[in-house]
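Fit chain A to the known structure of chain S by using the hints.
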Amino acid sequence: MKKLFAFVMAVMMVVGLFAGCGGDAGGNASDKGDAIRIGLSGPFTGDNAVYGNAVKWGMEVAVEEINAKGGVQIHFMSEDDVSDNEKAGTAYATLMDNNMQIFAGAVTTGPCLTLAPKTVTDNIFMMTPSGSNEDIPKAGDNVFQMCFTDPNQGAASAELINSQKMGTKIGVLYDSTTDYSNGIKKSFENAASELQMEIAAVTSFDANTTDYKTQLQQLQSAECDIVFMPIYAAQAVTVLTNANEMGYKPVFLGCDGMDGVLTQENFDTSLAEGLIMMTPYAADNDDPANVAFVEKYKEKSGGEAPNQFAADGYDVIYAIYEGCVAKGITGKTSNADTCAALKEYFATATFNGLTGTNMTWDETGMVSKVPTAVEVQNGTYVSK
Amino acid sequence: MKKNIHSMNNPIRSLWNNKTRRTTFSTYAVVIVAFVIMQLLDSAGMLSYAMRGQLIPICVYIVLAISLNLVVGISGELSLGHAGFMGVGAFVGAVTSTALQGLIPDATLRLVFSMVLGGIFAAIMGLIIGIPVLRLRGDYLAIVTLAFGEIIRNIANNLYVGMDEKGLHFAFLSEEGLHMSDAGKLVMAGPRGTVNITPIATFLTGFILILITLFIVLNLVNSKEGRAIKAIRDNRIAAESVGINVMSFKLKAFVISAILAGMAGALYGLSMSNVTSVKFSFTTSIDILVFVVLGGMGNILGSVIAATILTLLPELMRPLADYRMIMYAIVLIVVMLFTWSPKLKGAIEVVTGNLKEWLGKLTNKKEVGTNG
Chain S
14 MKKLFAFVMA
24 VMMVVGLFAG
34 CGGDAGGNAS
44 DKGDAIRIGL
54 SGPFTGDNAV
64 YGNAVKWGME
74 VAVEEINAKG
84 GVQIHFMSED
94 DVSDNEKAGT
104 AYATLMDNNM
114 QIFAGAVTTG
124 PCLTLAPKTV
134 TDNIFMMTPS
144 GSNEDIPKAG
154 DNVFQMCFTD
164 PNQGAASAEL
174 INSQKMGTKI
184 GVLYDSTTDY
194 SNGIKKSFEN
204 AASELQMEIA
214 AVTSFDANTT
224 DYKTQLQQLQ
234 SAECDIVFMP
244 IYAAQAVTVL
254 TNANEMGYKP
264 VFLGCDGMDG
274 VLTQENFDTS
284 LAEGLIMMTP
294 YAADNDDPAN
304 VAFVEKYKEK
314 SGGEAPNQFA
324 ADGYDVIYAI
334 YEGCVAKGIT
344 GKTSNADTCA
354 ALKEYFATAT
364 FNGLTGTNMT
374 WDETGMVSKV
384 PTAVEVQNGT
394 YVSK
Chain A
6 MKKNIHSMNN
16 PIRSLWNNKT
26 RRTTFSTYAV
36 VIVAFVIMQL
46 LDSAGMLSYA
56 MRGQLIPICV
66 YIVLAISLNL
76 VVGISGELSL
86 GHAGFMGVGA
96 FVGAVTSTAL
106 QGLIPDATLR
116 LVFSMVLGGI
126 FAAIMGLIIG
136 IPVLRLRGDY
146 LAIVTLAFGE
156 IIRNIANNLY
166 VGMDEKGLHF
176 AFLSEEGLHM
186 SDAGKLVMAG
196 PRGTVNITPI
206 ATFLTGFILI
216 LITLFIVLNL
226 VNSKEGRAIK
236 AIRDNRIAAE
246 SVGINVMSFK
256 LKAFVISAIL
266 AGMAGALYGL
276 SMSNVTSVKF
286 SFTTSIDILV
296 FVVLGGMGNI
306 LGSVIAATIL
316 TLLPELMRPL
326 ADYRMIMYAI
336 VLIVVMLFTW
346 SPKLKGAIEV
356 VTGNLKEWLG
366 KLTNKKEVGT
376 NG
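From first to last, the protein sequence lines stand for chains S and A. Residues in the first sequence are numbered consecutively from 14, following this note's numbering. Residues in the second sequence are numbered consecutively from 6, following this note's numbering.
Any given hint could turn out to be false.
What the hints assert, rightly or not - Partner residues are not named here, just some residues of chain S that face chain A (Cβ under 7 angstroms, in silico):
#1 98
#2 102
#3 109
#4 111
#5 123
#6 126
#7 349
#8 353
Derived from the structure by calculation, the hints contain no laboratory data. Built from N, CA and C at the ideal position, the CB exists for glycine as well.
Isolated chain S (complex conformation):
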């Protein structure tokens, strides 16, 4: 009897959960009203949740600001894809079933590559906040990017070193197993040879490396005074620690993957002093729009400062919003018309956002904005 009772209680609780949440979803499901329906697919759970949630919260801040203004309203929907291609397919499909009009995703590269061809077939306008692979916008003329492409970052880094005269002997340290690191390194080398800069040493590691002293010794013996490392923050932490132990003190330069280095666990942030990275966004910017954004974002994230993913997400929503206002798009405009109008808009548009000013898009859909660099000083990013 006891068991039966327990079972009945369990069933009721499960049903209750389903019913409760089902009700919420019913409220969210959009009827084709005046509001523009923008969808996002990103990893909100799993290993890459930090990126997905940053984008989502950034977008939500933008949507709330726009809706508070009155005028054109936005209905924002987001679905979890765990950064898995198959799940991204169903996340996108679920958004489509909810009458998505504009796709503001996906967040990570794999899902972007999977979904871009689908948006081409469905004639849905797509703008990814953070998918940086150069193959993504090549999927179709309706696919746009808000972040820098990988080759762009490499070339911009080479120019930065050249224009700021950061060093004479350049060393490169990269991860041979990720597409991200490989792509940037390649374009950096190309740009460096064009600018007639001398690369003194190139050294690589793979994903399982836990100690970088061998690679650093190579760079040290080549007397490199600047080390370009297009790698992720988690690895950079170990590199910086190892270099400190060896007493090797060149200028370290990283790309957008380095963003978040100061929030890594168990890392003595003083070691990152003087580290320079190419990131389009620094949370300490005094611009009033940015100050307001940081404040609202912190409410959503529980006190965490926004990174460039959040800012990219915020910018995507505003860019789409400006396009819709300019072209008179409402929730009643068909998907095909929306897509055509926005394509036309972004061909000539200039956009000012948190991640850059005077942004434009080329015919493939890649963004062109002035690359900015920040330097770590006293534990915060300072624009360089």
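Just chain A now, with coordinates in the frame of chain S:
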């Protein structure tokens, strides 16, 4: 006497009276009916976009679950590297499909060819691993298959394949190693996975693959060889003592399972424009194992149903947002507890018993009618 002969001539009755045939028949029936219903719903435009996108993955997971059931349930060996075979099939299938694009313009034919080749490569892998590894028992086999899955994933993660007018180019670690002409395009780009793939997989091919899988597995299980495999599972020493070649039968089950997983993998690889090696990690192997365990070891229809429900479940629970994976886990635990509770088993038996009685009466009545 007369009645007895007659009843043997009645195909429905003879089907129903034989337990093995009954299970076989109901397995096929469930799959075919489900397919017909989905097709009808689809043609009537009643399927949601999300549901339509799930059809091919469900077919793939059903085939994977059935084929793993052959190893885990029927042959009694624990394999944790099934996703490895799936991965081999997926990447071989993707490369084959691109390579044959000019030669075989017909998409369906190319898909079939890619699936067959994916199956063959998986079979070779199955043989290479099976011959040394099946001599191990229990936990050892589990660990070696686990390692195999990881090896496949890591190789795929570093493999670059390109295609130009001279044919296929292969390289390890970097794209430059391909030495392609300017007209060449990438097929596999290391960590980025398969690129430039046109999805050609269809629900119909998936359904046919399930039927082929069922045909192979059910026939094998119910044959003399199948009984030998089950005898090895139940008591290896006794089986050896009656002259059954343990190695050869185990290897047969293992390789057949690998072929089917490879074919399913090829179908999967050609259903999406981008497949990365991360998909074929340990987690996917465990997912497939969960389908098999939840559906019941050695129960083929159970694998089909479990694979379908457990693939759909996380998608159906999307409204729960962040809680859905917790709910998924709770559902797994609840199902595990209650399918093994003797009370529930008793209740199910009462229901099926009534159903059997009713169906038996129905066929009997028919017989009387025709007799009279």
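Results for each hint:
Because the closest C-beta pair between residue 98(S) and chain A is about 6 angstroms apart, less than 7 angstroms, the hint holds. Taking 7 angstroms as the C-beta cut-off, the interface hint given for residue 102(S) holds, the closest approach to chain A being about 5 angstroms. With 7 angstroms as the threshold, the beta carbon of residue 109(S) comes within range of chain A, its nearest partner Cβ sitting at about 4 angstroms, so the hint holds. Against a cut-off of 7 angstroms between C-beta atoms, the interface hint on residue 111(S) is violated, since the closest Cβ of chain A lies about 9 angstroms away.
Hint status for residue 123(S) relative to chain A: holds, with the closest Cβ pair at about 5 angstroms, below 7 angstroms. With its C-beta approaching chain A no nearer than about 4 angstroms, residue 126(S) sits inside the 7 angstroms limit, and its interface hint holds. Interface restraint check: residue 349(S) against chain A, minimum CB-CB distance 16 angstroms, threshold 7 angstroms, status violated. Restraint check, residue 353(S) versus chain A: the minimum CB separation of about 21 angstroms is more than 7 angstroms; hint violated.
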